[in-house]
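> Residues per chain are reported as follows:
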Amino acid sequence: MKLKPNIATSEAGFIFNPATGDSFAANPLAADILARAKAGLDAAAIKADILERYDVAPGQLEKDWDDLLAQLRDFNLLGEAESEHQKVT
Amino acid sequence: MPTSPSPLPASNTRPRLTVAVTGLNATDSPGPGVAVIRALRETTDFDLRIIGLSYEALEPGIYLRELVDKTYQLPYPAAGTAALLARLAHIREREDVAVLIPNFDAELFNFIKLEPELRALGIHTFLPTLAQLDARDKLNLAAFGAAYGFSTPASRPLHSAFEITTAAETLGWPLVLKGRYYDAAVVHSLAQAEQAFARLSGLWGVPLIAQQFVAGQEINIAGLGDGHGRALSAVPMRKLTITDRGKAWAGITLEDEALLALARRFAEATRWRGGFELELIRTAADELVILEINPRFPAWIYLTAAAGQNQPAALLRLALGLPVTMMEGYAVGKMFVRYAWDLITDHTEFQQVAALGEL
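So the protein lines, in turn, are chains A and B. The first sequence begins at 1 in our numbering and counts up one residue at a time. The second sequence begins at 1001 in our numbering and counts up one residue at a time.
Check the hints yourself; a few may be wrong.
[Stated by the list, open to error] In silico DSSO-like links for lysine-lysine, alpha-carbon gap of 30 angstroms or less:
1) B:K1113 with A:K2
2) B:K1239 with A:K38
3) A:K4 with B:K1334
4) B:K1113 with B:K1070
5) A:K4 with B:K1113
6) B:K1070 with A:K38
7) B:K1239 with A:K2
[Said to hold, decoys possible] Ranges between beta-carbon positions, derived for each pair:
8) B:T1044 with A:A25: 52 to 58 angstroms
9) B:Q1195 with A:K63: 37 to 43 angstroms
10) A:A48 with B:R1245: 51 to 57 angstroms
11) B:I1242 with A:A48: 43 to 49 angstroms
Read the hints as simulated data drawn from the structure, not as lab findings. Model, not experiment: these values are computed from the prediction. The beta-carbon is built from N, C-alpha and C at its ideal position, and this holds for glycine as well.
Please model the complete structure; the sequences and the hints are all you need to start from.
Structure below.
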């Protein structure tokens, strides 16, 4: 998961796209995931951490992960490589 | 008449300077004057005396005494250049006006025509040329786009309501009907179009402009051209809330190199002189389409100062022939939220403006 480099996120879960002026509110878990992604962790590492900290089945996590990616893509927040990758896979 | 050999009176640290500004109608469809003055007040170059120039006795800026030191009424633009020059000469006998900043589209023609006479009175301006003003006119926008390689919507002039059907056949529905200087309506049917035509032509005369509707995100750019092909400043803004007349009531500065490049290309292609506003649509295909080019600062111009590029203060220097360096960088995500505020004044002040034409 690679956010566009100019996307601003806050600990409170506020997401701001300076190119469009759009802003979004993420729930605490999504905010945590985005913060880790911005810190450079790859998807596998973030998912492993979530599985360790939360009582969630791997299949459910994959489904929710895909939903999150789809939303981020719809909101035009993902970097080009990630966006293209998701389109073809 | 007070005279000074240089536009800058001698001084210690901050020279005193008198600046006249129009567009004091800070209403729900605001003129830019009050925002321009607010930005000018933040200049560190001068100790300013601000002269407001109004057309109506109830323009709110007249009564903003902390921003406007003195106001004089002007004749309406339709009265012509002779009446305007006579009034400005009268004002100049009382006030040491060194710079005048007009802010209405409809008055610009007269002020540009009078530039040499104003200069003879010691009043400096920094305005586009008549050719520049004419080229970006709503009636000429499509030709302007074609000449300079900018994407603009197809449009047709409408001299009567009978021409709507033909225009719709060419441009499709919905259609945007625009007044020559102000106001617009998006119409989805012939009945709506006829109703809008009657309203807009009644307010602003004919021709109206029928413009192809372009869907997408609306973005505005405020800029300042140096007249030699450089945009000294450009700040893009997206409207976050609008009034029922489509005016921005809240907005936010954006970071987007494509928008800045467009503003720079506009200034370079036209050698634009003075403030300007590009009204754009970014389509779903990421194309930037110019809907309008306003030949002056917009009403949200104070946001440029708040974001770190004080365009009105820079224009003041340009008008005086002082150097202005290219402004780089501004605060992204800086927002404005407009508000309504009940100014309290006294009937005696209103009467003075209404009866004597000054306050």
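> Look at each hint and say if it fits the structure.
Outcome of the hint check:
1. Distance restraint check for K1113 of chain B and K2 of chain A: the Cα-Cα separation of roughly 56 angstroms exceeds the 30 angstroms cut-off, and the hinted pair is therefore not satisfied.
2. For the given pair, K1239 of chain B sits about 28 angstroms from K38 of chain A by alpha-carbon distance, which is consistent with the 30 angstroms threshold.
3. Among the hinted pairs, K4 of chain A with K1334 of chain B is consistent with the structure: their alpha-carbon atoms are about 20 angstroms apart, no more than 30 angstroms.
4. For the hint pairing K1113 of chain B with K1070 of chain B, the CA-to-CA distance comes to about 25 angstroms; that is within 30 angstroms, so the pair holds.
5. A C-alpha spacing of about 49 angstroms is found between K4 of chain A and K1113 of chain B, which places the hinted pair above 30 angstroms, so the restraint is violated.
6. A distance of roughly 54 angstroms separates the Cα atoms of K1070 of chain B and K38 of chain A; the hinted pair therefore is violated under the 30 angstroms criterion.
7. At most 30 angstroms may separate the alpha-carbon atoms for a hinted pair to count; K1239 of chain B and K2 of chain A meet this at roughly 28 angstroms.
8. At about 39 angstroms, the CB distance of T1044 of chain B to A25 of chain A disagrees with the hint of 52 to 58 angstroms.
9. Our hint of 37 to 43 angstroms for Q1195 of chain B and K63 of chain A is violated, since their Cβ atoms are close to 51 angstroms apart.
10. The beta-carbon spacing between A48 of chain A and R1245 of chain B, approximately 54 angstroms, falls within the hinted interval of 51 to 57 angstroms.
11. Taking 43 to 49 angstroms as the suggested C-beta distance range, the pair I1242 of chain B and A48 of chain A conforms, at roughly 46 angstroms.
Checked against the numbered hints given earlier, this structure breaks hints 1, 5, 6, 8 and 9; the rest are met.
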